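Peer 1: Single-letter residue listing:
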Amino acid sequence: MSRLQLHDLQLARGGQTVLEHLDGRFQDGAITALIGANGAGKSTLIAAIMGMLAPVAGSVECRVPRERCAWLPQQLALDLTFPMSVEELIMTGTWPSHGGLKGYCAAHYRRGREIMARLGISHLAHRPLGELSGGQRQRALLGRTLMQEAELLLLDEPFANVDIETVDVLMEVLRDMARQGATIIVVIHDMEQLARLADDVLLLAGGHGRWVSPDALLDHHSGLVPRVPRLPLTFPDASHAGTA
Amino acid sequence: MLALLEAWLLAPFDYGFMQRALVAGLALSLAAPPLGVFLMLRGMSLIGDAMAHAILPGVALGFLAAGFSLPIMSLGGILSGLLVAVLAGSVSQMTGHREDSAMASFFLISLAAGVMLVSLGGSSVDLTHVLFGSILAVDSTALVLIAGISSLIVVILAVIFRALVVECLDPLFLRGQGVRGGVVHGIFLGLVVLNLTAGFQTLGTLMAVGLMMLPATTARFWSQRLEGLIAIAIGIALVASTGGLLLSYHLSLPSGPAIILLAGGGYVLSALFGRHHSLTARWRRHAAPLGAPEHD
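In order, the protein sequence lines correspond to chains A and B.
Following my numbering, the numbering of the first sequence begins with 1491 at its first residue and continues without gaps.
Following my numbering, the numbering of the second sequence begins with 1158 at its first residue and continues without gaps.
Everything labelled a hint here was simulated from the structure, so no lab data went into it.
The model shown is predicted, which means the values in this text are computed figures rather than measured ones.
For every residue, glycine included, the Cβ atom is placed at its ideal position computed from N, Cα and C.
Mixed in with the good hints, there may be bad ones.
The following label-pair restraints were derived from C-beta to C-beta distances [as the list claims (entries may be wrong)]:
1. A:A1596 to B:P1228: 44 to 52 Å
2. B:F1225 to A:A1544: 47 to 55 Å
3. B:T1298 to A:H1613: 51 to 59 Å
4. B:H1254 to A:Q1506: 18 to 26 Å
5. A:N1528 to B:V1312: 47 to 55 Å
6. B:S1258 to A:S1703: 50 to 58 Å
7. A:A1544 to B:G1253: 12 to 20 Å
8. A:G1593 to B:V1396: 25 to 33 Å
9. A:R1603 to B:E1256: 35 to 43 Å
10. A:H1613 to B:G1343: 34 to 42 Å
11. B:L1187 to A:G1593: 20 to 28 Å
12. A:G1505 to B:G1343: 27 to 35 Å
13. A:A1544 to B:F1174: 58 to 66 Å
In silico contact screen, one side only, chain B against chain A (beta carbon under 10 Å); selected entries [as the list claims (entries may be wrong)]:
14. L1198
15. R1319
16. C1325
17. F1330
18. G1333
19. V1336
Same shape as in the complex, but just chain A (with noise of 0.2 Å):
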């Protein structure tokens, strides 16, 4: 199954075309990886998905309902300086299905600990959002989609200066949202980070995109993760792929 098929779509930023042919379908409850070199249009592609970008051609075809449809971007275009609590930034989660306009009920408050607990962030919960620390701020902000119950989550480099601890909580965390049957697309750069996430791999190169598995993308001869992300500029062969 499949909520969100690309259908040969192009994309342009500023009159010139990042991606094109790109056709493809990501799983239901599969994390997917997202990776290419910067410029490679791996933003350029989520901002399409979330519906923030009209395609030059073809389509995005998403069954997932608005307002399950989550988006951690890479530039964090939160203001740290407003005042809002952890609690309150985590509660917001509830407005995009619950309307603008009701108050929270005791039920959200309840789930809204419980997120709270999970992420290991119970003790911050009354701490400005400007007081975190990156790591605590991800967790955050995951608490946000968790409230929101997302089915559909694309996450734009989420363990950039994050502390090992956080990455590994928030792997959890993803890893639990797929098995409910979520889809997730993350950006990563961290070939070790994609070994241990991802069940499939997008990579986007020279402005096409090319569906591999990550053993593809792992060491040829000792079956490791490479030290160095060996991003294989040119596409190996489909038959090449997966058979590493």
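Starting from the known structure of chain A, fit chain B onto it as the hints suggest.
Peer 2: Same frame as chain A, but now just chain B:
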């Protein structure tokens, strides 16, 4: 003692004009500070000032067309304020320039056009009235208008409150949900224009911003929570408008500046002695030991 208090605090309000001025001031004090808090949090504290200038040509045109008729002047003010907001927004979108530079250009044009129009059609007394207002000359029509606009602002603000918070905090989250942030932003700027239009009769176009921004910036020294900021700002505005009126009555001062200066005095004191980020708070600052219970 009681007699003295009564003579100072209550007796002035035996007069009809003082009662009307008080009600007008209180109505504005409920509507303006929450808008100011959001302007401040969005880093748009000076936009309020720009918008205040933007309503001037409309007010002047209304004055030229219908004489000193408050509803017509207010309507003109609202229209020209909204026009400038829309123009500044679209120019910045089309050219990619920052919105504040477009806003600055348009408000300067508006100010010059407004002053020119008033001078062409009236005397300098009229100009002074439009620029600086006169809260003691509020009649029943003006009072109904001010109270009506203030109520409208409070209701609309309550409706868009959560969207506004999310938009201030994380505009991309809102965009991801398919809500055009521009819509919320536009409604909000519209409310600012409405509020300034309600305020110009009492405080003048230039000082109507005072009741919006000063309580908000002062509240920042006392609270770090949004609800707290809004509640404190409203409290400060209520005290400043009542106190300013009394001062102006007893000491024969112009009412608008008295109100704003009182709020300004509150700001200076808060900057010196407030709970957060003030001068003394910096001196007081010390760190709790590890393992100490969290304070909110």
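Peer 1: For this structure, which hints from the list above don't hold up?
Peer 2: none
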